[in-house]
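Protein chains in written order, with UniProt numbering: chain E, 1 to 594; chain A, 1 to 594.
Errors might be hidden in some of the hints.
A pair counts as met if it fits within one copy or between any two copies, since identical chains are not told apart.
Said to hold, decoys possible - Dumping the calculated BS3-like pairs for lysine-lysine here, alpha-carbon to alpha-carbon at most 30 angstroms:
1) Lys-511 / Lys-552
2) Lys-156 / Lys-145
3) Lys-145 / Lys-543
4) Lys-223 / Lys-188
5) Lys-188 / Lys-145
Derived from the structure by calculation, the hints contain no laboratory data.
2 protein chains.
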Amino acid sequence: MSYTAPVKDMLFVMNELAGLAAVNALPGCEDATPETAEAILEENAKFCSEVVAPLNHSADKEPSSWADGKVTTSPGFKEAFRQFGEAGWQGVQHPVEFGGQGLPKLLATPCIEMLNSANLSFALCPLLTDGTIEALMTAGTQQQKETFIANFISGKWTGTMNLTEPQAGSDLALVRTRAVPEGDGTYKLFGTKIFITYGEHDMAENIVHLVLARTPNAPEGVKGISLFIVPKFLVNADGSLGARNDVHCVSIEHKLGIKASPTAVLQFGDHGGAIGTLVGEENRGLEYMFIMMNAARFAVGIQGLSVSERAYQKAVAYARDRIQSRDLAGSPGPVAIIHQPDVRRMLMSMRAQIEAARALSYVAAATSDAAHFSDDEATRKSNQAFYEYLVPIVKGWITEMSIDVTSTGVQVHGGMGFIEETGAAQYYRDARILPIYEGTTAIQANDLVGRKTARDGGAVAKGILAQVRKTVSELQGDAQLQPIAARLGEAADALEQVVDYVVANVKSDIKAVFAGSVPYLKMAGVVLGGWQMARAAAVSAAKLKAGEGDGKFYEAKLATARFYADQILPQALAYRTAIVDGGAAVMALAEEQF
Amino acid sequence: MSYTAPVKDMLFVMNELAGLAAVNALPGCEDATPETAEAILEENAKFCSEVVAPLNHSADKEPSSWADGKVTTSPGFKEAFRQFGEAGWQGVQHPVEFGGQGLPKLLATPCIEMLNSANLSFALCPLLTDGTIEALMTAGTQQQKETFIANFISGKWTGTMNLTEPQAGSDLALVRTRAVPEGDGTYKLFGTKIFITYGEHDMAENIVHLVLARTPNAPEGVKGISLFIVPKFLVNADGSLGARNDVHCVSIEHKLGIKASPTAVLQFGDHGGAIGTLVGEENRGLEYMFIMMNAARFAVGIQGLSVSERAYQKAVAYARDRIQSRDLAGSPGPVAIIHQPDVRRMLMSMRAQIEAARALSYVAAATSDAAHFSDDEATRKSNQAFYEYLVPIVKGWITEMSIDVTSTGVQVHGGMGFIEETGAAQYYRDARILPIYEGTTAIQANDLVGRKTARDGGAVAKGILAQVRKTVSELQGDAQLQPIAARLGEAADALEQVVDYVVANVKSDIKAVFAGSVPYLKMAGVVLGGWQMARAAAVSAAKLKAGEGDGKFYEAKLATARFYADQILPQALAYRTAIVDGGAAVMALAEEQF
């Protein structure tokens with residue numbers, strides 16, 4: 001049930017693929033030296049594996065519970081969260097002026113990965129608080145920042161996102177919660193929000209809800225939604241806690257997974273109105289919420305990576321321990337099942353996809369840092385565009401992949417995997433929410449097709465493909481790398497055809513193009529993940545040639561990249577056919593023919 | 001939560017693809033007329049949807065429970081099982097001389113599909129009893145048959161399969177349970193069996209365990225295993241129940257899914273020895289158990305189909321009801337999500353795979369009937385070989401597919417899918433056991449590679465491929481069918497390359513070949529399922545041309561076949577690459593590099 005943080009692989013990706021040195025050279029990132037990064041990762045690894053990871057399975061068995069409007073979290077959570085806040089882990093990527101460490105996203109990302117590997121349910125609370133901080137840093141007043149952010153970073157208070165209502169899931173145009181101005185700068189809110197992660201709990205003194213609502217006479221649809229701060233306890237002028245606000249948790253959900261994370265139904269204003277203050281301007285709430293959501297979407301992609309890594313470690317441990325059947329190539333007695341080719345294939349498939357996901361998401365984080373910190377506007381712009389193209393892929397592809405990886409993890413365990421005590425099944429259950437919340441895979445794919453590909457005529461996508469081709473040509477000289485280059489080249493060609501198809505047909509045949517949106521997203525993940533695997537292979541081959549570092553580690557990188565090239569990348573060609581030729585059949589049936 | 005049996009599609013597959021008329025013409029199958037088939041299906045559909053299906057979700061919430069060695073099944077199970085037995089459903093495919101209906105497998109298969117769609121947990125009890133009947137019919141003495149089979153068919157008694165022990169999962173060579181001859185024709189058994197489905201319950205008067213055990217001085221390994229009948233209550237000479245036997249259920253498992261089905265740990269002989277009688281000859285137990293397992297493997301494949309169908313129906317119903325977002329092509333207000341292209345893609349993907357699985361498994365059932373009933377030895381032989389090739393594919397491919405389909409079913413529901421009350425999550429949990437029990441997918445794939453492909457140099461596989469090519473050429477004239485023919489042709493070529501690769505390399509590079517065994521199995525499923533979809537399309541096009549029958553039904557068949565060809569069949573090409581080129585990388589890492 002233990003978790004060992006893959007710090008060595010994380011550092012490899014940070015240093016060799018994501019360019020930590022370049023990030024470190026950005027203005028404001030002077031503290032993010034490779035040495036500091038290693039020290040922080042080691043320290044975070046210790047905290048996550050020793051304090052948080054041991055609570056994962058026990059909390060699944062004893063989930064958070066609701067009684068009389070109060071939520072009691074799983075045993076150990078409160079104390080672990082106190083330690084988390086005190087150690088400063090909430091503040092890694094947040095401003096120094098409010099007590100954070102002000103470190104780049106590239107450094108925060110492995111910390112988030114580790115926390116989520118240790119305990120997905122636990123990590124959701126800080127994840128939502130991160131989003132709240134980002135939204136307030138962008139759109140909040142100085143007073144709002146001062147009132148809330150330091151308390152978030154210290155772990156005294158936590159934040160939530162309140163979007164969904166019973167009739168408004170993915171479609172926020174349908175939001176009905178009302179916010180009535182009181183004339184004193186405050187508003188009274190009335191309505192019901194559902195699926196509010198950590199909407200109520202006992203780990204913090206205050207819970208600060210960011211709530212989407214409509215003011216009177218606001219325009220219909222998404223252009224009439226404003227964002228409000230509604231704290232559980234009102235905050236006095238001196239920063240102390242005041243009266244209990246009229247927001248109450250009426251129930252929590254009984255879920256398939258992440259059971260320790262309370263998913264609240266919140267009732268606003270049943271006793272006179274919940275007092276809230278506006279964030280930014282009226283009717284621009286969705287815009288601000290998107291800041292939060294983009295941060296959260298990236299983080300949920302990391303959750304997919306995290307739960308996959310945990311499932312992989314458990315599967316490897318079982319495969320090493322479980323003695324069963326002889327070796328196919330002959331052995332005197334039964335051997336550990338890790339010697340069986342199909343078990344090996346399953347483990348390699350988990351491993352290869354995890355490494356690709358880690359590499360691509362860390363590269364995305366570094367791009368975000370360049371977009372944020374660079375003093376050159378053109379660099380900021382191009383990196384921002386690259387990052388925004390990658391966000392739906394990191395969210396959609398990695399979380400969909402995590403379903404497959406955690407399912408494979410169960411399969412490696414055979415019958416024991418189906419027994420809840422074993423623990424492998426928990427990852428399979430937990431992972432299932434990831435392609436749903438913070439925007440389903442279809443929502444991510446719509447974003448990828450509409451805003452990220454069609455809008456600029458595929459320019460950003462083509463720019464990235466040019467970089468992929470550069471990698472292909474760099475690999476081509478080396479006999480060992482040539483097979484990887486060949487597969488990557490084919491896959492890049494296929495992706496380019498898909499980008500061309502999307503751009504050419506999005507107006508004339510919108511339904512066919514969007515019918516291919518999720519396959520396009522998955523394909524982009526497969527290809528760009530394969531690109532990072534190829535880059536990792538090139539670095540590893542060079543290190544081996546130079547006789548530098550841990551040869552076994554680099555050899556494993558090469559073998560894993562080759563596995564990815566042979567077994568995962570060819571899926572890109574099947575996706576191309578499905579997207580380019582498969583659009584018409586998707587919509588062929590009438591509704592009543594289903 | 002309701003289930004509507006897809007009787008129309010079942011009859012289409014039976015009549016048009018599996019050749020019910022030809023089965024009906026076999027000696028002994030005179031009763032299996034198309035009219036009888038339709039009547040039986042309608043009656044079974046009524047029973048399954050009205051009596052059994054309503055217990056599915058409630059039983060998941062109130063699973064079977066253990067106390068003091070006794071297992072209480074979920075509310076309603078006992079009564080439903082009584083009705084099941086009384087109505088004669090256990091006996092559909094079993095001999096008339098013991099009270100069965102003696103109908104062919106092609107007719108029993110849709111009944112098994114419906115029962116499992118209605119309630120996977122409930123259906124497991126009859127499934128195991130079916131296997132017990134088959135084993136006794138093959139290897140039992142006349143007296144054993146007379147003592148047990150009529151009571152099985154009437155539903156008074158049920159049967160179990162006892163293979164697994166804590167140290168012996170997939171590897172039966174490690175079985176340790178001892179059977180000591182008493183000199184009076186009986187044996188005393190001592191040992192522990194785990195994962196025994198319905199090993200203890202309250203739905204029948206007696207539970208008859210078929211148990212693998214070793215006699216003293218038996219050879220080591222699988223050649224020293226014998227099969228014993230060990231009833232819970234001994235049976236007196238007059239057929240009445242005698243003393244309680246020394247086999248006791250010491251616990252049941254806490255599982256991810258199929259929670260209403262009790263999975264027992266059985267202790268044999270803790271109080272002096274469990275009395276058993278030998279089935280067939282000593283040391284031939286595994287051979288007899290394989291009879292049971294082959295029947296059970298096919299049935300578990302059907303379970304994959306069943307749970308997929310149920311998940312699909314639920315997803316369609318939700319997609320029709322849930323109003324959310326505007327139509328992409330423009331609509332005044334929000335529409336049901338079934339209008340969204342990605343929801344449509346998900347539903348089509350579920351539907352297409354389900355139809356392919358139903359067609360291939362029913363075709364396999366008809367082949368089994370020809371192998372069993374034909375009066376021509378060559379026909380029996382060729383059909384038996386075809387059937388045996390298909391069994392691991394039906395088991396492995398359909399159950400793996402069911403993970404994907406039930407996962408997609410959750411995704412269609414968005415956030416509601418993750419809430420247990422919705423019911424979609426149950427199918428996702430239930431399905432997860434299917435690629436594990438009755439032989440994991442790897443075990444099926446080993447069988448496909450070793451016994452079913454390599455042993456005859458690929459002859460049976462090539463024979464089937466020749467039939468696939470015949471279908472391709474039949475479709476080629478028709479413009480509407482041409483795109484399907486093209487994809488099927490490509491996929492068949494790829495499968496042939498894989499068969500050649502397996503045959504050529506299985507001796508020289510055994511690990512690489514077996515590393516590709518599961519991809520080969522899945523690929524064979526994809527291609528042969530696509531073959532059946534193509535055949536369905538050809539029949540439908542002909543019906544439409546002739547103006548016969550329900551035009552909407554046949555148009556939907558054509559569109560679904562086209563979807564399958566564009567979106568599913570291209571996976572075959574990716575599998576080919578993975579199998580033929582990907583073997584080496586699978587085994588490249590040393591154990592300590594994981």
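Treating 30 angstroms as the Cα threshold, decide for Lys-223 and Lys-188: within, between, both or neither.
within (20 angstroms within a copy, 78 angstroms between copies)
How would you classify Lys-145 and Lys-543 at a CA-CA limit of 30 angstroms: within, between, both, or neither?
neither (47 angstroms within a copy, 70 angstroms between copies)
Identical-chain pair category, Lys-156 with Lys-145, by Cα at 30 angstroms
within (15 angstroms within a copy, 72 angstroms between copies)
Are the CA atoms of Lys-188 and Lys-145 at most 30 angstroms apart within a copy, between copies, both, or neither?
within (21 angstroms within a copy, 77 angstroms between copies)
Have a look at Lys-511 and Lys-552 and pick one of within, between, both or neither, based on CA distance no larger than 30 angstroms.
Classified as between: cross-chain Cα gap 22 angstroms, same-chain 49 angstroms, threshold 30 angstroms.
Checked against the numbered hints listed earlier, the structure breaks hint 3 alone; every other hint is satisfied.
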